[in-house]
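Student: Spelled out, the chains give:
Number of protein chains: 2
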Amino acid sequence: MKKWDILKRKEVYKNKYFSVVEEEFRLSDGKTSKYYLVKSCDFVSVVPVEGEHIYMEKMDRYTLRRRIIEIPMGGIEEGETPLAAAKRELKEEMGITAKRFRKLGFFDASKGHSGHKGVLFVAEELTLGEPEPDLVEKESNIEVIKLKLRDVPDLIRQGKITDSHTIASFYLYMLHCKSPNKQV
Amino acid sequence: MKKWDILKRKEVYKNKYFSVVEEEFRLSDGKTSKYYLVKSCDFVSVVPVEGEHIYMEKMDRYTLRRRIIEIPMGGIEEGETPLAAAKRELKEEMGITAKRFRKLGFFDASKGHSGHKGVLFVAEELTLGEPEPDLVEKESNIEVIKLKLRDVPDLIRQGKITDSHTIASFYLYMLHCKSPNKQV
Chain A
154 MKKWDILKRK EVYKNKYFSV VEEEFRLSDG KTSKYYLVKS CDFVSVVPVE
204 GEHIYMEKMD RYTLRRRIIE IPMGGIEEGE TPLAAAKREL KEEMGITAKR
254 FRKLGFFDAS KGHSGHKGVL FVAEELTLGE PEPDLVEKES NIEVIKLKLR
304 DVPDLIRQGK ITDSHTIASF YLYMLHCKSP NKQV
Chain B
154 MKKWDILKRK EVYKNKYFSV VEEEFRLSDG KTSKYYLVKS CDFVSVVPVE
204 GEHIYMEKMD RYTLRRRIIE IPMGGIEEGE TPLAAAKREL KEEMGITAKR
254 FRKLGFFDAS KGHSGHKGVL FVAEELTLGE PEPDLVEKES NIEVIKLKLR
304 DVPDLIRQGK ITDSHTIASF YLYMLHCKSP NKQV
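If you're matching them up, the sequences are chains A and B in order.
Add 153 to the 1-based position in the first sequence for this note's numbering, that's all there is to it.
Add 153 to the 1-based position in the second sequence for this note's numbering, that's all there is to it.
One should not assume that every hint holds.
Same chains, same names: a pair is fine if it fits in one copy or spans any two.
Derived pair list, reagent style PhoX-like, types lysine-lysine, alpha-carbon separation capped at 20 Å [said to hold, decoys possible]:
id, residue 1, residue 2
1, Lys155, Lys256
2, Lys156, Lys187
3, Lys169, Lys187
4, Lys256, Lys244
5, Lys211, Lys244
6, Lys156, Lys299
7, Lys244, Lys155
8, Lys291, Lys156
In case anyone wonders, no lab produced these hints; they're calculated from the structure.
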């Protein structure tokens, strides 16, 4: 990749969740242009599986004004490891603890606006318990649902699961953890 | 989904690509809280296929400071239909025209921050030609690559394709257009 020649960098907006940074850079022809980056923390994405089942959640999404099906995700807090964030989010949102977490990789979440990424974990050997939702999660009316892994592709195809991060996480899980002839 | 009781709405930041809207809403307990929404246009995502091959592109991504592999995507302009945007982006970024476009559905792009979505098309019966990049695309040094469809899952699994929107688009394409026993 070529080196972008950044001339100026300025934070032009900030709230408690993200900021916007304006960068002026030099074009190949010598002129200048600007890029606006949304800066927010990386997050974790957790695929909780038990045998041939996966746990997902239905929740009200404020940004979409819709109730959608997702897997647990949430920001990695300052000083927190991705693994600790994965454990926390799974417990907060679903009330689930897991004996085994494996990191499968990461994905770029929104490359047009932001450099932030999702770090993907699979959680196994699960114990169900009580969720411990934070303020926003509490308002989202999360309902934990148990699905057969083999039914998820149809839900995606039928447009019943629409969240790109959940779709990418599920597909990555299938590619990593299910052999080709087991794929559904 | 419950009705969010929105008390105030205010645009708190704006540039030529997106804006930030602050909304104050009432919590279940009667207190109030705020949500910050990134407002940007919906976009199209195009899967260009020819027989058992798919065209993808390598490009420098300013937000990531990395060169990544993607499929063509781009914002739907004011007054433009998604189909027109799909045709335009495929031509601009890859120089490809297609006789046949089919809409497969949509995905939520970044539900934590934004309500914007990607509208997914498959493009078939392709003719290769000269790209017509806009300013940002020109700076991204786009290189068109032709891959075997059956090699893409391995590239995703190996972390060589990391863009969640490309991963979700490819998986949706496979679910819609390839029968289960043909899946790779």
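Student: All hints, please: hold or fail.
Tutor: Outcome of the hint check:
For a Cα distance limit of 20 Å, the shortest separation of lysine 155 from lysine 256 qualifies neither inside one copy, at 30 Å, nor across copies, at 35 Å. Proximity of lysine 156 to lysine 187 under the C-alpha cut-off of 20 Å is restricted to the intra-copy arrangement: shortest distance 15 Å within a copy versus 38 Å between copies. Taking CA atoms no more than 20 Å apart as the test, lysine 169 paired with lysine 187 passes between copies only; the shortest distance there is 10 Å, against 24 Å inside one copy. Taking the shortest Cα distances, lysine 256 and lysine 244 sit within 20 Å of each other inside one copy (17 Å), while across copies they are farther apart (38 Å).
Proximity of lysine 211 to lysine 244 under the C-alpha cut-off of 20 Å is restricted to the intra-copy arrangement: shortest distance 15 Å within a copy versus 39 Å between copies. For the identical chains of this complex, lysine 156 and lysine 299 are neighbours neither inside a copy (47 Å) nor across copies (26 Å), given an alpha-carbon limit of 20 Å. In this assembly of identical chains, the alpha carbons of lysine 244 and lysine 155 never lie at most 20 Å apart, being 42 Å within a copy and 24 Å across copies at closest. For a Cα distance limit of 20 Å, the shortest separation of lysine 291 from lysine 156 across copies, 14 Å, qualifies, whereas the shortest one inside one copy, 44 Å, does not.
Of the numbered hints given earlier, the model fails hints 1, 6 and 7; all others are met.
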